[in-house]
Every structure is written in structure tokens, then in C-alpha cells.
Amino acid sequence: MRLRRPRSGSEGVVRFTRGLADLGYSLPNRPWLVVAWKELTEALRDRRTIINAVLLPMILMPIAVGLPMLFLSPKTSPPRIAIVPADPGALPLVERITSEVPGNFTIRTPEFNATDAILKGLVDLVVVIPEGFSANISQGGSARVIYLYDPYQLKSSTAMGLVQGVVDEYSKEIVSERLRSLNLSEEFVEPIRAVSYQVTATGAAATAESMFGVMLLPMMVGVLAITGASSFALDMVAGERERKTIEALLTAPVRRISILAGKYVALTVLAAVMGVSTIASVVLSVGVMAVAVPVEELVPPQAAQAAERAGIGLASLSKIFPQGTSPTVILLGIGAAMLLAALTGNAIVVMGASFAKSFKEAQQYVGAITGIMVLPMIAVPYAPARLLGPMRFLPITSVAMLARDLIVNPGDVAALTTSGLASVVYLVAFLLASAKLFGRESVVFD
Amino acid sequence: MPALEVLRLTKRFGDFTAVDGVTFQVEEGEIFGFLGPNGAGKTTTLRMIYGVLTPTAGEVLVRGKSVREDPEGAKAHLGVMPEDAGIYSRLTTEENLVYFGKLRGIPEGELRGRIPQLLARLGLTEKRYVLADKLSKGMKRKLSFARAILHEPDILLLDEPTSGVDVMSAREIRSMISDYASGGRTVVISTHNMWEVQQLCTRVGIINRGRLIYVGSVEELERLTGEEEFEEVFVRLIRGEVAE
Numbered sequence: 016m017r018l019r020r021p022r023s024g025s026e027g028v029v030r031f032t033r034g035l036a037d038l039g040y041s042l043p044n045r046p047w048l049v050v051a052w053k054e055l056t057e058a059l060r061d062r063r064t065i066i067n068a069v070l071l072p073m074i075l076m077p078i079a080v081g082l083p084m085l086f087l088s089p090k091t092s093p094p095r096i097a098i099v100p101a102d103p104g105a106l107p108l109v110e111r112i113t114s115e116v117p118g119n120f121t122i123r124t125p126e127f128n129a130t131d132a133i134l135k136g137l138v139d140l141v142v143v144i145p146e147g148f149s150a151n152i153s154q155g156g157s158a159r160v161i162y163l164y165d166p167y168q169l170k171s172s173t174a175m176g177l178v179q180g181v182v183d184e185y186s187k188e189i190v191s192e193r194l195r196s197l198n199l200s201e202e203f204v205e206p207i208r209a210v211s212y213q214v215t216a217t218g219a220a221a222t223a224e225s226m227f228g229v230m231l232l233p234m235m236v237g238v239l240a241i242t243g244a245s246s247f248a249l250d251m252v253a254g255e256r257e258r259k260t261i262e263a264l265l266t267a268p269v270r271r272i273s274i275l276a277g278k279y280v281a282l283t284v285l286a287a288v289m290g291v292s293t294i295a296s297v298v299l300s301v302g303v304m305a306v307a308v309p310v311e312e313l314v315p316p317q318a319a320q321a322a323e324r325a326g327i328g329l330a331s332l333s334k335i336f337p338q339g340t341s342p343t344v345i346l347l348g349i350g351a352a353m354l355l356a357a358l359t360g361n362a363i364v365v366m367g368a369s370f371a372k373s374f375k376e377a378q379q380y381v382g383a384i385t386g387i388m389v390l391p392m393i394a395v396p397y398a399p400a401r402l403l404g405p406m407r408f409l410p411i412t413s414v415a416m417l418a419r420d421l422i423v424n425p426g427d428v429a430a431l432t433t434s435g436l437a438s439v440v441y442l443v444a445f446l447l448a449s450a451k452l453f454g455r456e457s458v459v460f461d
Numbered sequence: 029m030p031a032l033e034v035l036r037l038t039k040r041f042g043d044f045t046a047v048d049g050v051t052f053q054v055e056e057g058e059i060f061g062f063l064g065p066n067g068a069g070k071t072t073t074l075r076m077i078y079g080v081l082t083p084t085a086g087e088v089l090v091r092g093k094s095v096r097e098d099p100e101g102a103k104a105h106l107g108v109m110p111e112d113a114g115i116y117s118r119l120t121t122e123e124n125l126v127y128f129g130k131l132r133g134i135p136e137g138e139l140r141g142r143i144p145q146l147l148a149r150l151g152l153t154e155k156r157y158v159l160a161d162k163l164s165k166g167m168k169r170k171l172s173f174a175r176a177i178l179h180e181p182d183i184l185l186l187d188e189p190t191s192g193v194d195v196m197s198a199r200e201i202r203s204m205i206s207d208y209a210s211g212g213r214t215v216v217i218s219t220h221n222m223w224e225v226q227q228l229c230t231r232v233g234i235i236n237r238g239r240l241i242y243v244g245s246v247e248e249l250e251r252l253t254g255e256e257e258f259e260e261v262f263v264r265l266i267r268g269e270v271a272e
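The listed protein sequences correspond, in order, to chains A and B. Taking the working numbering, the leading residue of the first sequence gets 16, the next gets one more, and so forth. Taking the working numbering, the leading residue of the second sequence gets 29, the next gets one more, and so forth.
Don't take every hint at face value.
[Said to hold, decoys possible] Just so you have them, the derived chain B footprint on chain A, three or more residues with Cβ under 8 angstroms: (1) 37 to 46; (2) 152 to 166; (3) 345 to 356.
[To be verified] Cross-link-like lysine-lysine pairs, in silico, DSS-like; alpha carbons within 27 angstroms at most: (4) A:135 / A:187; (5) A:372 / A:259; (6) A:259 / A:187; (7) A:375 / B:93; (8) A:259 / B:165; (9) B:93 / A:451; (10) A:375 / A:259; (11) A:372 / B:165; (12) A:375 / A:451; (13) A:375 / B:162.
I should point out that these hints are in silico values taken from the structure, not numbers from a laboratory. Since the model is a prediction, treat every value here as computed from it, not as a measurement. From the three backbone atoms N, C-alpha and C, an ideal C-beta is built for every residue, glycine too.
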């Protein structure tokens with residue numbers, strides 16, 4: 016009889032993480048370090064870690080931002096534009112549109128059923144130049160250009176904006192010509208000209224990217240504070256109780272604060288991974304934006320011109336930060352703020368979860384806490400300037416303000432110290448409170 | 029000095045008194061059976077002994093060290109197998125032991141030697157690199173036992189060590205408990221298995237409704253009740269049917 020070799024050894028993910036046991040053996044006997052090793056080993060074995068910490072931020076965000084951009088960008092996906100020049104004299108305008116607007120053009124006769132073509136999605140835009148167009152212009156009158164577009168299709172509206180830009184330019188040239196023939200200056204038809212100057216703390220002009228950064232990064236820091244590695248934090252506290260491992264753990268001759276410290280170290284590592292992948296996702300998204308769409312094309316033509324005057328160019332990653340500042344220093348600062356935020360969020364989650372007798376109950380508590388914390392977080396990017404000061408002193412918003420100050424106000428030491436110090440004080444308070452609550456016997460052994 | 033001294037130990041949860049002034053001591057080398065019906069206060073008493081529950085009143089001394097005043101010092105002498113195995117399912121069998129070995133401060137060299145030996149003794153060698161999630165209930169109990177004796181503690185506290193374990197594994201665990209005590213170490217065992225008590229225990233304490241009602245050797249309690257089967261002894265003591 017042939018004996019089958021007994022199946023021994025590891026399976027699945029364990030096969031690739033066998034070295035973790037060796038790492039465990041060789042660790043110094045510091046309880047916090049050992050707990051951190053165990054928590055990270057468990058997290059690594061959980062598919063949700065890879066999905067939540069790396070894949071979702073790294074893939075979903077660039078896809079969520081990039082795909083629509085790629086689809087909407089005339090550069091990568093030119094709109095289909097039908098032109099119906101009922102007036103043969105409008106040829107110069109038609110040539111101008113077809114040469115300056117990126118698009119796939121077809122020239123149609125006046126019999127063309129434009130409505131049908133748009134509703135069936137055969138074209139994105141129909142430009143009709145009616146009979147008498149050139150005659151009206153040459154007689155000093157006003158001629159019409161008709162756009163037929165689908166208001167529910169962004170690509171259709173975008174195409175209209177692009178054509179409108181060229182037509183407006185063409186129209187201005189005609190106005191200039193008329194004014195010249197009458198010996199009048201251009202100021203005659205533009206009695207008031209708006210001139211705007213940016214007022215920023217650094218004195219440097221804001222870029223579209225820095226405005227994007229100011230809006231997005233503090234909010235992301237805040238969101239990280241709220242959610243952090245919260246699923247891991249929940250698992251490390253409520254999960255330990257649910258799986259009834261906490262009792263065995265508490266029999267070890269180790270202080271509870273050391274156990275909790277190890278868990279926080281692991282959470283910090285996980286939050287750092289999430290933070291790096293989140294920042295990378297923003298950089299990737301901005302990169303996708305820069306490749307796919309020049310910033311000017313995302314904003315109405317008038318705004319694009321104003322932006323050009325103010326010095327806004329194409330998207331470039333370095334422009335996220337104000338001129339004259341060091342992106343490396345600011346990125347490191349934002350990284351530190353993110354870790355601070357994640358630890359704060361996790362400490363709050365641990366506190367909330369410490370009151371729960373089951374994982375489900377913990378999720379409900381944490382859900383409620385998250386709901387309460389979200390409100391001030393949303394307020395940070397939209398808050399009026401007079402509220403920004405007080406927000407540096409409040410829990411959670413202080414961390415978001417720290418990130419905001421790092422981008423908007425990197426030279427304002429007082430503001431940075433206030434928001435940084437407040438964040439640290441709240442973090443310490445939450446950590447101490449969570450240490451007091453962790454492993455409460457009335458919850459663990461009830 | 030007794031290995032373990034439990035002095036007027038009391039635990040109240042609100043108005044409910046789970047453990048009421050329990051006092052006993054266990055000498056070195058003894059296997060002490062801690063018995064009682066469900067809800068009698070066995071697990072609560074054990075939890076106070078191994079320091080995860082704080083007594084409302086009373087004191088526990090482990091080799092003279094107060095669990096209340098020096099919990100880490102007292103716990104260092106204890107090996108505990110709680111009622112729930114408490115095995116980390118996303119760690120392998122080996123990693124579960126590495127974790128607790130390191131928390132107990134066992135040096136790397138010793139740990140690398142002890143873990144394979146223990147796994148071999150308990151028939152878990154083939155499961156060394158397997159996630160604990162894949163282990164049967166009996167294997168988890170054996171792993172929990174291995175974890176309790178990994179650091180070779182002076183005193184072993186076992187809460188229903190053979191509950192839910194198959195006959196072969198239960199026999200193996202009993203044999204290891206016996207060997208462990210024969211080396212001069214102390215074992216406190218809580219169990220519902222009266223045959224096991226008869227086989228293993230040198231002395232027995234019986235708790236009912238939070239009060240310790242009898243302490244004595246198996247033979248003494250048999251004489252007290254006039255019964256030979258220990259299950260009958262237990263039932264009569266709980267019912268208070270003692271011919272004195």
C-alpha cells in the first residue's frame with residue numbers, strides 16, 4: 016500500500032509570510048514591539064488590509080479622477096461636432112473652428128436632423144451658422160451662431176464651451192475691426208475692466224494646483240483622522256474581545272499600556288502605509304489630470320483667461336505648494352499631520368470600541384462617533400477666514416488646520432505651533448483615555 | 029510558603045455576589061481540583077487569581093506576591109489556560125506560541141528549542157505552519173495548553189482543559205498535566221469531569237453559589253459522603269447531603 020505523504024506546512028498567504036515567524040523569534044523582548052509584530056502579521060494576513068490600505072486609494076482615486084478626465088478631455092477623446100454652414104460666406108469661421116478646436120468634425124447640409132443626431136448620441140454638438148451670417152456682419156449688424164447640445168452630457172457642454180471660445184475670439188476681432196474703422200479705441204466697448212490681485216499669506220500667487228491642494232489635502236487629513244486605520248483599530252480592540260483572545264493576552268505579565276502601545280505602533284505603521292498610498296493617489300490623480308487635460312480646459316474660457324493673467328499654467332505637481340516653499344518639507348509636514356490625525360482618530364475609535372461588548376456594537380458606536388466628527392471636518396475647507404483661528408484649538412479640526420497651514424501658511428510659525436500643539440495635546444489626552452478604557456473588565460468579562 | 033494563597037476573595041457585579049469570601053491555599057507539587065456547578069464562581073475565582081479581574085475584596089498571593097500589588101510579578105509565575113482557547117486565528121500555530129513566548133520574555137534560543145518540542149509532544153508538528161483558524165477545536169485546546177506551559181511556569185491554572193477535546197487528545201493533556209505536577213510544579217484545574225478529578229487531583233475544593241463549601245483530598249470527601257464514585261460525592265456535597 017502506498018502511503019500518502021502527510022500534508023504539512025503552510026497554505027495560501029502563509030506560504031509567502033513564513034518569514035514573519037522568524038522575525039517574531041528574533042525580536043527583542045519588548046512587549047510593545049512584540050504586540051506590534053503580532054498585529055501587523057495579522058493585518059498582513061487579512062486581504063482587507065491590502066484592499067483598504069493600498070489598492071483602494073492607489074487605484075480607485077486616480078481612476079475616479081482620471082477616467083472622467085480622460086473621457087472628457089478633448090485631447091484624448093475629441094468631441095464629435097457637426098457644423099451646418101447654411102451661409103457659404105461663413106467659411107472663415109468654419110475653418111477657424113475646425114483648426115482650433117480639438118474635435119472630429121463633419122460638415123452637414125441644412126437638411127441635417129440635428130435634434131435626432133444629438134438625442135441618439137451620434138454627435139456631441141451641432142453648430143448651425145444660419146443664412147445671412149456673413150451679410151449681417153459685413154453690414155455692421157449682429158449675426159447668430161446656433162449651438163444644439165445635450166445639457167445632460169458633460170462632453171456636449173464642454174464641446175460647446177470650446178467652440179464658443181473660438182467664436183468669441185472671432186467676434187472680438189470683428190469688433191476691433193469695426194472700432195478701428197470708426198477711429199475708436201477698444202476701451203469704448205469695455206468701459207470697465209476688472210483687475211484682480213491675489214492676497215495670500217506668502218505673497219506668492221496661488222496656482223490651480225495649490226488651490227486644489229488647499230481644498231483637498233486638509234480634508235483628506237481630516238478624513239484620515241476620522242476613519243484612520245479605523246477598521247484595524249476596531250479589529251484590534253473589539254475583534255480581540257469578540258474572538259475571546261483578550262483574556263489569554265491579559266494573563267501575560269505585561270502592562271496594559273504596553274499592549275496598547277504595541278497596537279498603536281501597528282496602527283501607525285498601517286496609517287503611514289495608507290497615508291503614503293493616499294498622497295500617492297493624489298499625486299497620481301493630479302498627474303493624470305496634467306496629462307489628460309490642461310487646467311484651462313476644465314474651467315470656463317473667461318476664468319481660464321483670468322487664470323492665465325494671474326499666472327496659472329498647466330498642472331504641475333510642484334505647483335501644489337506655494338512658490339518659494341520646499342515641497343519636501345511641506346510633504347513631510349503633511350505626512351506628520353496625517354500620522355497625528357490617524358493616531359487621534361484611532362485613539363477615539365479605541366475609546367468608542369472599549370465600551371462595546373461585541374464587534375457589531377463597536378461598529379455602531381464608532382459609526383456614531385464618525386458621524387459627529389465629520390461635521391467639523393467638512394467645515395475646515397469651507398470655513399470663513401474668521402473661524403480658521405478658533406479651529407486651530409478644536410479637537411480634530413486642529414489637525415486639519417495644521418495641514419492647511421502647512422500649505423497656505425508655511426511661514427506662520429504661530430499658526431503652525433498653535434494647530435500642532437493643540438493636535439498633540441488632544442492626541443495625548445485621547446491616548447491616555449483609551450489606555451484607561453482598554454480592557455475594562457465590566458466589558459471584557461461581562 | 030504555599031504556591032498559591034487565596035484569602036477571603038470576593039467579587040461583586042452590582043448587587044450580585046459571584047464569589048463570596050473564598051479562602052484556600054495550594055501547596056507546591058499539588059494538583060488542586062476546583063469544582064462546582066455552572067455559575068458557581070469557579071471561572072470568576074480563577075480570573076481573579078490570574079489577575080484579569082480585580083477582586084472587590086480579598087487577596088491572592090502567588091508565591092508570596094500579591095496579584096493586586098504586583099500583577100506582573102505574580103503573573104510571571106502563572107501559566108493559564110482560560111475557558112476560551114483564545115487562539116489568534118490569523119497567526120499560525122507556531123506564531124501563536126512565538127507571540128506568547130516573547131511576551132513572557134523567553135530568550136530566542138530557548139523559544140526556538142521549546143516550540144518544536146511542545147508541538148511534537150502534543151501531536152501538532154504537522155500544523156506548525158498552518159493558520160490556527162484551520163485547527164480543530166481539540167487542536168486549539170492543545171495549542172492553548174502548549175501556550176500555558178511554554179514558559180514552564182511554577183503554577184498552572186487550567187479552566188476546563190479537556191472540554192470539547194477528543195478522547196485521545198484529552199488523554200494526552202491529562203498525561204502532560206500529571207507529568208507537569210510530578211516535576212514539583214503546582215496545578216489548579218477547574219473541570220466538570222469527575223473521572224478526571226479522581227485520576228489527577230491530590231486535593232479538591234468545591235464551590236457553590238460563590239462560597240467554597242468543602243476543601244479536602246478526594247479520599248477525605250469520599251469518606252465524608254460515604255460514596256466511592258466521585259460524581260456521587262460531588263452531587264451529595266452540592267446538595268448538602270453529608271453524614272457528619
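Going through the hints against the structure:
1. 37 to 46: holds (count 6)
2. 152 to 166: Coverage by chain B is violated here, the residue count being 0 at a Cβ distance below 8 angstroms.
3. 345 to 356: With 0 residues close enough to chain B, the hint is violated.
4. A:135 / A:187: Roughly 35 angstroms between the alpha carbons, so the hint for residue 135 (chain A) and residue 187 (chain A) is violated.
5. A:372 / A:259: Distance ~11 angstroms between residue 372 (chain A) and residue 259 (chain A) Cα, so the pair holds.
6. A:259 / A:187: Given that 27 angstroms is the threshold and the Cα spacing comes to 76 angstroms, the pair is violated.
7. A:375 / B:93: Distance ~39 angstroms between residue 375 (chain A) and residue 93 (chain B) Cα, so the pair is violated.
8. A:259 / B:165: With Cα atoms ~14 angstroms apart, residue 259 (chain A) and residue 165 (chain B) stay inside 27 angstroms; holds.
9. B:93 / A:451: 24 angstroms, holds
10. A:375 / A:259: Holds, at roughly 15 angstroms.
11. A:372 / B:165: The given pair, whose Cα atoms are some 24 angstroms apart, holds under the 27 angstroms limit.
12. A:375 / A:451: 22 angstroms, holds
13. A:375 / B:162: 24 angstroms, holds
Hint check: violations occur at hints 2, 3, 4, 6, 7; the rest are consistent with the structure.
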